[in-house]
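K.L.:
All chains, please: the whole structure from these sequences, using the hints.
Protein chains: 2
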Amino acid sequence: MSEKRSVKAALLGLGTVGYGVYKVLRRQSPEMEQKLGTAVELKKILVRNLEKAAKKVEDSSVLTTDWQGILKDPEIEIVIELMGGMEPARTCILEAMKAGKHVVTANKDLLAADGKELMDTADSHHCDFFFEAAVAGGIPIIRPLKQCLAGNYISEVMGIINGTTNFILTKMTREGMEFADALALAQKLGYAEADPTADIEGLDAGRKVAILASIAFHSRVTFDDVYTEGITKISARDICYAKEMGYDIKLLGVARQTDSGIEARVHPMMIESAHPLASVNDSYNAVFVVGDAVGDTMFYGRGAGEMPTASAVVGDVFDIVRNLVHGTCGRIGCTCYRNLPVIAMDETANRYFIRMQVENTCGVLAAVAKVLGDNCVSVAQMIQKNVCGEHAEIVLITDRVKERHFRDSLQTFMEMEVIREISSVIRVQS
Amino acid sequence: MSEKRSVKAALLGLGTVGYGVYKVLRRQSPEMEQKLGTAVELKKILVRNLEKAAKKVEDSSVLTTDWQGILKDPEIEIVIELMGGMEPARTCILEAMKAGKHVVTANKDLLAADGKELMDTADSHHCDFFFEAAVAGGIPIIRPLKQCLAGNYISEVMGIINGTTNFILTKMTREGMEFADALALAQKLGYAEADPTADIEGLDAGRKVAILASIAFHSRVTFDDVYTEGITKISARDICYAKEMGYDIKLLGVARQTDSGIEARVHPMMIESAHPLASVNDSYNAVFVVGDAVGDTMFYGRGAGEMPTASAVVGDVFDIVRNLVHGTCGRIGCTCYRNLPVIAMDETANRYFIRMQVENTCGVLAAVAKVLGDNCVSVAQMIQKNVCGEHAEIVLITDRVKERHFRDSLQTFMEMEVIREISSVIRVQS
Chain A
1 MSEKRSVKAA LLGLGTVGYG VYKVLRRQSP EMEQKLGTAV ELKKILVRNL
51 EKAAKKVEDS SVLTTDWQGI LKDPEIEIVI ELMGGMEPAR TCILEAMKAG
101 KHVVTANKDL LAADGKELMD TADSHHCDFF FEAAVAGGIP IIRPLKQCLA
151 GNYISEVMGI INGTTNFILT KMTREGMEFA DALALAQKLG YAEADPTADI
201 EGLDAGRKVA ILASIAFHSR VTFDDVYTEG ITKISARDIC YAKEMGYDIK
251 LLGVARQTDS GIEARVHPMM IESAHPLASV NDSYNAVFVV GDAVGDTMFY
301 GRGAGEMPTA SAVVGDVFDI VRNLVHGTCG RIGCTCYRNL PVIAMDETAN
351 RYFIRMQVEN TCGVLAAVAK VLGDNCVSVA QMIQKNVCGE HAEIVLITDR
401 VKERHFRDSL QTFMEMEVIR EISSVIRVQS
Chain B
1 MSEKRSVKAA LLGLGTVGYG VYKVLRRQSP EMEQKLGTAV ELKKILVRNL
51 EKAAKKVEDS SVLTTDWQGI LKDPEIEIVI ELMGGMEPAR TCILEAMKAG
101 KHVVTANKDL LAADGKELMD TADSHHCDFF FEAAVAGGIP IIRPLKQCLA
151 GNYISEVMGI INGTTNFILT KMTREGMEFA DALALAQKLG YAEADPTADI
201 EGLDAGRKVA ILASIAFHSR VTFDDVYTEG ITKISARDIC YAKEMGYDIK
251 LLGVARQTDS GIEARVHPMM IESAHPLASV NDSYNAVFVV GDAVGDTMFY
301 GRGAGEMPTA SAVVGDVFDI VRNLVHGTCG RIGCTCYRNL PVIAMDETAN
351 RYFIRMQVEN TCGVLAAVAK VLGDNCVSVA QMIQKNVCGE HAEIVLITDR
401 VKERHFRDSL QTFMEMEVIR EISSVIRVQS
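Going down the list, the sequences are from chains A and B. In terms of the numbering used here, the first sequence opens at residue 1 and continues consecutively. In terms of the numbering used here, the second sequence opens at residue 1 and continues consecutively.
Each hint should be verified, as a subset may be incorrect.
As the list makes no split between identical chains, a pair holds if one copy fits it or if it spans any two.
Unchecked claim - Result set (SDA-like, lysine to any residue): computed pairs, CA atoms no more than 20 angstroms apart in a straight line:
1) Lys402 / Ala349
2) Lys23 / Tyr153
3) Lys23 / Val290
4) Lys72 / Glu33
For the record, the hints were derived by calculation from the structure and aren't laboratory data.
P.N.:
Written out as structure tokens, the structure is:
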């Protein structure tokens, strides 16, 4: 063990998570030396507005607007990037690594787009590059996948990895709220942003799926490879019917390894109410992992927020500190040693829930069944609802079928006069 | 990175878990070099019966009954102890470490009793000593606690960490079976051993609590410090009343850090049906962890069995291999840098569920309430059940009270003529 009196780190950004990290490091300072063999000191905090930031920290002399000063300070060995977004985060991380500094980030946007360049740069400069906080906030998932479950071939990772949408769906399920009202409530309570697009359209979850898939299957998946579909079309009625049939509706990020390649997608999914993911409610997240040896496992907790996210960031920082103390940095780098194709959504197989409004005439059910049969789609459950005068509602769940064939059926349905509306199409866990 | 063509390991024991490890290592061999930078070879397997073991392995020349041969083989750098029990496991582990070999074990009995000596020996010989499989089988929990959650002060670890008893309680809950019948079924299905004492009396869970508490609170807790109480007295009626009151009954291992010290115990607990642990059923395990930064987290999966346990063992082996490749062994050793007292059960505070059979006469309820009041025990819920002729049943849940005061009340109840029987006493999560 080399002698180290203290390890110095720089924090880039003092927003929600950055301030959380500042607080967690202060709380931990009495025990750091015993825990890690050395203390960790935040020597510099890069901010945009010195005055605003000064109100948050005890000693404002650590604040700076000068990135180059941090970069050129040889004492600073760890850079904690919590600015978010693509630039200047990307440049800062790459420059830090090239200067031999170790990097921790929670930046999923960047990782999901430029993961390969970042990992390669870290590897070639023997830097630690950790990002436990980028997926599912405080929940330990990256390190368990890379280390604890390393003896497994992972076949599936399936997660509730966006707290905002899980809060909305929980409200819709428990209180029968419609989407718009639940979103408004989430915004009022601070769970959803003023522009909620990234959350409700599944983009945020899509970035996390790209990262999870890359690690689980040892093959690079980027955000562009991930199919995303949000929850804006889910109605309280869909949730109610799902419940009747024994399912809950969740926005799931799914990554699967199949014989023909990797599936990576985010969309609403009906999962059996007895599934462990079905009871993950409110803004909680959970990641369900299936391995050939371990079987089913699940990791549950807070997927966002100041302190939970800071917990994951500080866990990474402490791991680097231990590496610095023992001279063991760069121990676990990129693990993408395979090069697997990502399967187009059309080629995946799924079960589907369809809810449609039809004319209440003889032979409609038969006509619907014929279209499905012609496209090799077999029906597992079919219920006729709200038969009332000239109008009826058909709700059905198909067996497993290729998305392409299912879409062909949908296309035909839309051209049929007796079918007035396709109200919902939701994939069903299979 | 030093050049290593292959790392050689020895397996001690080819029982259920040992054979699982043998199989997982074989499955992983095509990708080991890419994953770890080197291959791992099981050079020797120590067995008692060569003939029996020969039927399990492809190449029986790896089998041996000669521990000294393994110990003195300088090529063997990793020893995987899966014999179980105290001796000769203890001696083998200590000798291996003293010979500079790194050790992986799943041996909770040994860790819960002699953890300190094992950790100290590993530290002083710069050996890696990993035991992820000793608690909750395949579920990653030791490494998440030591690394991912290192930035937290952990206040509570609460787990369903015995699959046999969880299976029994699930059967009692779902099918209304009595304990004896559910145990018999568990034995028939191979979930419970012929002598089920260690499981049903909470001893197995108690050992795991000792290990979890030591890691979570950085202070050594041994099995002797852990209060244990099994599930043999739980009846289907208790479970039924618990459900009515909004609770499920689980055998929980609980470790808490309080201002006056550590609480470490195993006993049946009524937990709110909405709590994530309440929906952990069958032989699944889960560990619920509360940290000051991360908040509530839970780790769920298979807590026992050949392949899940092997998954955890191989994860540890791979971590050592990475350390060997990078020359970084001994990076994370014992983290018990505190020395906290363990609180006696009498001094802990709990809520209690009591079910008692009383005479159906005027003033019984008042008499019961008076005894509780005299001992500073306040009542949160009280229900009178099965009032029938001369007999009635009282079911109540107390507020939080010191175990000592509660026991005093119980003592008084037992001396009262109007109280015919104290049928059940179960602690309630608070």
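K.L.:
Next, verify each hint and record whether it holds.
P.N.:
Okay, the hints, checked on the actual structure:
no.: 1; hint: Lys402 / Ala349; in the structure: within (4 angstroms within a copy, 57 angstroms between copies)
no.: 2; hint: Lys23 / Tyr153; in the structure: between (38 angstroms within a copy, 13 angstroms between copies)
no.: 3; hint: Lys23 / Val290; in the structure: between (35 angstroms within a copy, 18 angstroms between copies)
no.: 4; hint: Lys72 / Glu33; in the structure: neither (26 angstroms within a copy, 37 angstroms between copies)
Consistency note: the structure conflicts with earlier hint 4 alone.
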